[in-house]
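Novice: So you can see what is in the structure, the chains are spelled out below.
Protein chains: 2
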Amino acid sequence: MMTRESLNGQRIGFVGLGNMGAPMARHLSAAGASMLVWNRSPGPRRTAESQGMKAVETLPELAAAIGPGVICLNLTTTDVVESVVFGKSGLFEKIDHNAMIIDFGTTSVPSTKSFAQRMTWVDAPVSGGQVGAEAATLSIMAGGSESAFQRALPILCTVGKRVTHLGPSGSGQVTKLANQLIVAQTIDAVAQALRLAELSGVDPAAARQAMLGGFADSRILDLHGDRMVRRDFVAGGRAEWQLKDVRLIVEQAAAVGLRSPTLDNSLDQWEELVVTRSCGDLDHSGLFTLYE
Amino acid sequence: MMTRESLNGQRIGFVGLGNMGAPMARHLSAAGASMLVWNRSPGPRRTAESQGMKAVETLPELAAAIGPGVICLNLTTTDVVESVVFGKSGLFEKIDHNAMIIDFGTTSVPSTKSFAQRMTWVDAPVSGGQVGAEAATLSIMAGGSESAFQRALPILCTVGKRVTHLGPSGSGQVTKLANQLIVAQTIDAVAQALRLAELSGVDPAAARQAMLGGFADSRILDLHGDRMVRRDFVAGGRAEWQLKDVRLIVEQAAAVGLRSPTLDNSLDQWEELVVTRSCGDLDHSGLFTLYE
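Chains A and B, in that order, are what the protein sequence lines are. Take the first sequence: its position 220, counted from the start at 1, is 220 in the working numbering, and no numbers get skipped. Take the second sequence: its position 115, counted from the start at 1, is 115 in the working numbering, and no numbers get skipped.
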């Protein structure tokens, strides 16, 4: 574990100040980094400025100011990552050839491998949700060369608690997909379990309490189970992003020859929620509504 | 939490000294109870005797010796419970009308309700596996009248750590089915995730470590994930008992009108492992082999 002092004076770029990115940038700033931030919409840029960070207007400006430093990304999809770094934004034209990208988002494995052939790139997707981002207790699954990983480590340790280097570029993304597969299917399991209890006349809140600490215990039962019991589906993590991840998982499974009827069913369930029922703006835990 | 002293001198019957029952009976004995035990096969009876418990030869003998006390059951299926208590064994004929049964097994909800109309009955299925039974840290999900639950409580607290009274007879079994639904589906999710990592070139042991502490964290990822990584499928909990539970879940879901394609798929997966591939004697975590 690195200490916060290790970022003193380091100039770090941060692109994407959403639910996850905003608190992560804040932690880097609090650890002494000199933050340069960019976000598509102006609201989060202004909030960052009010917290002592410098917001830039354009991505080439960000690239020029960072020089041979590190730019962190926390964006929504592979397409957005590609367009922000290599697209018409003009960032790639201005980036120093010694600069490094840390991609905290969930980005496709083949795209990550191809990005890493064009510049120094660490894939560092995170797990732990908004709660973990706020508390700087994220699990971080990193891929990239050993030297790039070591260079990223002080930043990774500032925003996360458990940082694992899993291998070359793309390895972090592979592990994040494995993680999301478990998350997507466990949310479904917890939803059915609590609904089964309720329909059978057992208070689902009491059932959840009884199951915590046994073999069914999980972070999902604890946090999302509580949301289901309270019918509180205001989005922390949106269901549409879960579907995006499940689609990436299905792609990756096909690419490596993993056949799974359970995974096919999981895709159907998330498509039913997000596409058929148009509930993509609900929290992940809103999958519960399929069983009502 | 009751203290162990509370069982001093109490005479308790225990029927079924398997992987779970044997350590539970031992904990009751260690807490000062005077244990009378019965098991179908003689091996576990002899082991219990070597640990200071009294083994009886027949079930009517057990019933007569216990009188208006408590008889605990830890048996494999609903049919076995019915046959041991109400069948030709002769136990029911000799049982005192003030005696009480505590059923620690996973028994069908409608059968539990009908047994509870014939005598004082607490359904108290457990979660936590053999590890939890050995350590007396089981989660116990109890159903029955308030007075019966209070009478059972010193025993429940001796073998478990988290004891929850969920409502009238059958409520414990409902909650155990909810628990087993989560267990059955989470094992499947963890199996796919670790295999996806492996086929994608990431060390599954490292992937498991990275995922612990994030949103995918669960008791199943921790314990069964480790078995999968080590390809150690020697049974703690047998896959055939998991299939038995999934069948009970499907029955209960149908009885209360819960429609779930995910549950249908889960039944298919466990039947594939246990019936089609004849691997019912593997540990639960052996579901991993479906993806090899």
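Hints are computed from structural coordinates only; laboratory data are not their basis. Misleading hints may appear alongside valid ones.
Which copy is meant is left open, because identical chains are indistinguishable; a pair holds if it fits in one copy or across any two.
[As the list claims (entries may be wrong)] Keeping only pairs whose Cα atoms sit at most 20 Å apart, straight-line, the calculated SDA-like set for lysine to any residue is:
hint	residue 1	residue 2
1	K113	D203
2	K54	T120
3	K54	V250
4	K161	A205
5	K54	R238
6	K94	V80
7	K54	V131
8	K54	N265
9	K113	L199
10	K244	G67
11	K161	L212
12	K88	A64
13	K244	D264
14	K88	D232
15	K244	G18
16	K161	G213
17	K94	D222
18	K113	G43
Novice: Look at each hint and say if it fits the structure.
Specialist: Each hint, compared with the structure:
1. K113 / D203: between (48 Å within a copy, 18 Å between copies)
2. K54 / T120: Classified as neither: same-chain Cα gap 24 Å, cross-chain 71 Å, threshold 20 Å.
3. K54 / V250: neither (39 Å within a copy, 57 Å between copies)
4. K161 / A205: For K161 and A205, only the inter-copy Cα distance (19 Å) is at most 20 Å; the intra-copy one is 30 Å.
5. K54 / R238: neither (28 Å within a copy, 59 Å between copies)
6. K94 / V80: Within one copy, since 18 Å is at most 20 Å while 75 Å is not.
7. K54 / V131: neither (25 Å within a copy, 54 Å between copies)
8. K54 / N265: Neither. Shortest intra-copy (46 Å) and inter-copy (52 Å) distances fail the 20 Å Cα cut-off.
9. K113 / L199: Between copies, since 16 Å is at most 20 Å while 47 Å is not.
10. K244 / G67: Neither: 33 Å inside a copy, 62 Å across copies.
11. K161 / L212: between (23 Å within a copy, 11 Å between copies)
12. K88 / A64: Close inside one copy (16 Å), not across copies (86 Å); limit 20 Å.
13. K244 / D264: Intra 14 Å, inter 24 Å, cutoff 20 Å: intra-copy only.
14. K88 / D232: Classified as neither: same-chain Cα gap 40 Å, cross-chain 52 Å, threshold 20 Å.
15. K244 / G18: within (17 Å within a copy, 46 Å between copies)
16. K161 / G213: For K161 and G213, the Cα distance is within 20 Å only across copies (9 Å; inside one copy 23 Å).
17. K94 / D222: neither (46 Å within a copy, 45 Å between copies)
18. K113 / G43: Neither: 33 Å inside a copy, 59 Å across copies.
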